[in-house]
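Engineer: Now for the letters of each chain:
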Amino acid sequence: MTLTQNKYPNTHSMRPTEVLGIKLYMGTTFAVILLMMFMGIAMRASQAGWLNVPADKFYQLLTMHGAGMVGIAGLGGAGVMWAFLRRYVHLNAQFLHLNYAFFMTGVLLILGAIFIGGYSGGWTFLWPLPAKSMGVWSANAAAAFIAGLLFIGVGFLAFYFDAALAITRQYGSILHGLGLNQLISGKINKDHPPTVVASSMVIIVNVVGILVGAIVLAVTLANLYFPELTINPLLAKNMIYFFGHVFINASIYMAVIAVYELLPLYTGRPWKVSRVFYAAWACVTLFVMAVYPHHLLLDGVMPKSLLAMGQIVSYLSGIPVLLVTVYGALMLVYKANVQWDAPARWLLLSMFGWAIGVIPAIVDGTIHANKVMHNTTWVPGHFHLYLLVGLLPMLIGFSLYAFDIKRGLINTWQNVIFWAFAMGGTLFCVTFLLGGWASVPRRWATHWTEWMAYDRAGTVFGALVITAMLFITAFIIKQLFAGRYSDEK
Amino acid sequence: MQNIALIISATLMLLLTAVFAWVIANSKKSLAFEKVAKRAYEARIYLFLLIAVLGVVLTTLTLTPWPHDNDKDEVTRQIDVQAQQWLWTMSDDKVRVGEIIEFLLTSKDVNHGFALYAPNNKIVAQMQVMPSLTNKVRYAFNTAGTYKILCLEYCGLAHHGMVAEITVTK
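Chains as they are written, first to last, in the working numbering: chain W, 4 to 492; chain V, 5 to 174.
Warning: the hint list may mix true and false statements.
To be verified - Each computed DSBU-like pair below joins lysine-lysine, with the alpha-carbon atoms no more than 30 Å apart:
#  : chain 1 : residue 1 : chain 2 : residue 2
1  : W       : 60        : W       : 135
2  : W       : 338       : V       : 112
3  : V       : 39        : W       : 193
4  : W       : 190       : V       : 42
5  : V       : 32        : W       : 275
6  : W       : 193       : V       : 32
7  : V       : 39        : W       : 275
8  : V       : 152       : V       : 76
9  : V       : 39        : W       : 338
10 : V       : 42        : W       : 193
11 : V       : 42        : W       : 275
12 : V       : 152       : W       : 307
13 : V       : 112       : V       : 76
14 : W       : 60        : V       : 126
15 : V       : 33        : W       : 193
16 : V       : 32        : W       : 338
Because the hints were derived from the structure by calculation, they are not lab data.
Okay, chain W solo, but in the shape it has when bound (with noise of 0.2 Å):
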């Protein structure tokens, strides 16, 4: 069967420095998700009195497998982003390696600070804990992993910037983009691209994240040095929990674009945008931004309209993921005569771990639950559904489609590694809500023994979805090297 492949108005082809750019973006998300299992595996074995990774050890690991695993969620989705949105507009490569170069001297500075300097204050750096370790770590050491998020925000800034210019230029705004203007006026241009669409939802939101998220780091770092200038701790654990609860969902909606944009390929059906898709967008950008006091809802002192809005948020925020995007997917694939190459399974597999992350998400928002599973280890157990199930393998499926035109990862090893991958990590996610049920705190170096065997069965599940990943990693990367693009003529 011959992929049916979209009209796009952009049709020059790659650059080389386009390729490289994308090449960059993709071989060191796999990498560095690598190199953040095996961290995570190791936390998970040392829970399970496998292995002895003493506390001040566990805390660095903990800190840099979660500030890890949030920054390259961005890079790889800004990845998928870029690659597709330069179909439809003008973007400039420059601004795609400046990023790429903040983002790199970022990761040195928080590498330097975790490994060096002691630096185990979380990757939440919950103020004011980076100033009180206890003699744990330094303020240079804090102050080097505080600049690091720094930069790779000012980065990320770049990169909507030129986005931003880019579709205002060719659509005449970002809410032109949103599709907003065809929302209210009924109108409904069915060419216009759900990436353009997403796009506009990724730079609205993540510019507004991006900047709370650089102010209160701004007041972290001055803190350092400056003890008497201080913030209000509940501001700052609002603007904290604002800034990463849009960044990693601006992370995932920046991959989705690969759903959009590839499973037609393989059901020969489109993917049309209608009145109810710019609804759902335009109600995701709303959402993104309201729902994060549900970060908050053990924060007695809160306003009570702010914690109802965080539970109330955080059930809306379901429907448009579940009834438009998921449901979307099941409706191309549905009675399709489906080509199941391996970029079409990842990326329904994608939709199906983003689907059930969800679920044990909104009940977690309920505040009544939340007073028993907070910080219980349910938490990584959602949202590693959506990350590791979700969001991965839509990087994966991206980059099997763009980098393996030959589809040289054969069927009988596709199978078992992505049949290892998606039970493993289901499994693997299981095992932390069970956790979670059970009462097992979440970010604590040492389990009781009572804990132990969910921590057991979670790090047989994680070797499993690590053997895998070796596979899938040391494959891209050799293709990332020896292959082209698909894009590249």
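Position chain V relative to chain W; hints supplied.
Structural biologist: Frame of chain W; chain V shown alone:
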């Protein structure tokens, strides 16, 4: 509550898994997309209405009365709890069965998390503890035994060692 959360989550996750399996099982068959889309869009309207009704009912049931206001009028006494890296200081650690205790939570340094574990080692109450603010959490102690307080907000090197006990007697 943990059981309810698990049962609801597991049921809906398995239901979604079944939907995916059903769609994948039908993915090699052929039907015109127009026909699929027509039926699917109709079904989506009903699904949306069902979710909307469930959402409104669930929101109403879970937010009224306000979830943090349980046992407000029947508090027997208050216990002051101060958190600091890495210990709990309490004005009292002994409670009688039947008492409804309101814990007043403050922190001397960073953010902590007050989690009350029942003798069966399951969380029964939880609240954040913040510097320069006082949070309150109430709990009706109806079972004798040793309850534990664990810190559930990451607070540095000995975070996992920040454990205290409350003895509840008849």
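Engineer: Could you work out which earlier hints the structure fails to respect and list their numbers in ascending sequence?
Structural biologist: 2
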